[in-house]
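Asker: Put chain B on the given structure of chain A with help from the hints.
Chains as they are written, first to last, in my numbering: chain A, 1 to 174; chain B, 1 to 362.
FYI, nobody ran anything at the bench for these hints, they're computed from the structure. One thing to keep in mind: the hints can contain errors.
[As the list claims (entries may be wrong)] Derived DSS-like pairs: lysine-lysine, alpha-carbon spacing no greater than 25 angstroms straight-line:
hint, chain 1, residue 1, chain 2, residue 2
1, A, Lys63, B, Lys322
2, B, Lys175, A, Lys63
3, A, Lys35, B, Lys322
4, B, Lys322, B, Lys128
5, B, Lys175, A, Lys35
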Amino acid sequence: MNLASYRKKSPWILHYNAGGCNGCDIEILACLGPKYDIERFGMINTGNPKQSDILLVTGPVTKRSRERLVEIYAQMPEPKVVVSCGACACTGGVFRGMYNCEGGVDQYIPVDVYVCGCGTRPEQIIDGVVQALGILEQKTKAMEVSVRLQKEPLKEEGQINRRNIADQIKPALS
Amino acid sequence: MGRQYEIPIGAQHISLLEPLHFKFTTENEKIVATEANVYYVHRGIEQACCSKFKFRQVSFVVGRVCGLCSISHTTAYSQVAEKLLKIEIPLRAKYLRMLVIELDRIHSHLLCLSHVAENSGFEALFMKTMQYREFSMELLEAVCGNRIQYDFSIVGGVARDLKPQVAQSILERLKKFIPQLDELMDIYKNNWTLSLKNKGAGAITKEDAMRLNVVGPFARAAGLAIDVRNETEDLLPWKEVGFEMITETSGDVYARNMVRLRELYVSIRIIENIINGLPESALITETKAFPDGEATVRLEAPRGELFYYAKGNKTQILERLKIKAPTFSNVAAMAEAFTGNEYGSAPAIIASYDPCLSCTAR
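Chain A extracted, bound-state conformation:
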């Protein structure tokens, strides 16, 4: 069984509040509820960074939570996608310039999808995570290519030949 092909069908999400006002967090909780129900995309909320694929971050990053944020990101296995939910997670929002805040999540970890709004609507969150699914698929493909490069070098007459290797991986990348 190929794990990568099933990852798209069931991405697990991890939620971390990096100092926000709880507004976006309760909207994420509302997404898990019956009305919006992101479980139909196969997503469930998991508390364990080591099992999750999509990281939902809310809030401007406060100075005390930034180490936790970077550590959680580092613990997630590749491929991983970061979705920043809410105006303050994207840019700092109304908290930008306050003495204990930084302007947004992307100063510390790479962000793939920005979801705007204060507070973010559940429809927007669903739109963001569905976009994240596409990015997750691209990242999975890119990872497979690099694995193929390492594992299957072309051999001609017992010697490794890398001359035409770029042409062969080009269709896989596109």
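Answerer: Same frame as chain A, now just chain B:
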């Protein structure tokens, strides 16, 4: 005397909505001591309100202190600013503020109840409560224009009027909600499985609650009749619209659930009374004065007593703004009430406190 282990929960955990850290010292699964660490989300809002923002903008900033009770924060700030400006707001604005505070209380209490059910391991009840909660979010969107972060109260009055068809739809939806609330009440009260996790867990006595300055549903579940709506009549006329004190005696998770559910009936009655007797007047009192002097305001947020202090010096920028949130009063009792419980029931107890740390840390 067994061996003691230290088990941490947080700052990131599946049962927590926000970064919160508890360090439990356990002995054979029993919790013997707890250390709470709540200031992960300190942003420095008070300092920014006194330096960066003008006093009319501050009501939008303090709404972002907390997304769950943002209307309580904006209303409390508006009231304290009105005291500094020495103006009286129109009667209709007062009633509309009470209406949105009570709608907010419904959604906040139902969120807390669903979270208790989830952390007790009752996923189906979590889904059911979240489903029944959605109507309050829709009504809040219809009244204020946004699902969360309403920015409804502004200095001098309210930002939007209540349209007659919206008022009608609120009454209709509440009528539909009452049988659903009866159903929830039945489950939370009589479900045997849930009672195993909830009855007797996280109990606190009335004397301890008094000694540790507990406020809100946490105190009322222990038998302390503390509610700001019962004490202050000068700013918002609570008793006129049918406020009633709800108390329980046992002080455990079960009692907190019961207090929240019974308060929902009171909230529904208050909303119906407000809509049926809404007075006609202007929405906002205009003034060109600047804030001067000192003032304090107390308001009952969904989690308990919210306290605002402000000091003005006849300029656009306030000199000092102090916010004391309900959870800040409860932290000492939160650590105390774990003692003697099983470690396994800790998530349900945390959820039943309904902690709001972004309020606490500001």
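Asker: Lys322 of chain B and Lys128 of chain B: Cα distance at most 25 angstroms?
Answerer: violated (38 angstroms)
Asker: So if I understand the rule, the pair passes when the alpha-carbon distance is 25 angstroms or less; does Lys35 of chain A with Lys322 of chain B pass?
Answerer: With a Cα-Cα distance of about 38 angstroms, the restraint between Lys35 of chain A and Lys322 of chain B is violated, given a limit of 25 angstroms.
Asker: When you check the alpha-carbon spacing of Lys63 of chain A and Lys322 of chain B, does it fall within 25 angstroms?
Answerer: holds (22 angstroms)
Asker: For the pair supplied as a hint, Lys175 of chain B and Lys63 of chain A, confirm whether the alpha-carbon distance does not exceed 25 angstroms.
Answerer: The hint is violated at about 47 angstroms.
Asker: Measure nothing beyond the straight line between the CA atoms of Lys175 of chain B and Lys35 of chain A; if it is 25 angstroms or shorter, mark the hint as holding.
Answerer: holds (20 angstroms)
Hint compliance for this structure: hints 2, 3, 4 are not met, and every other hint is.
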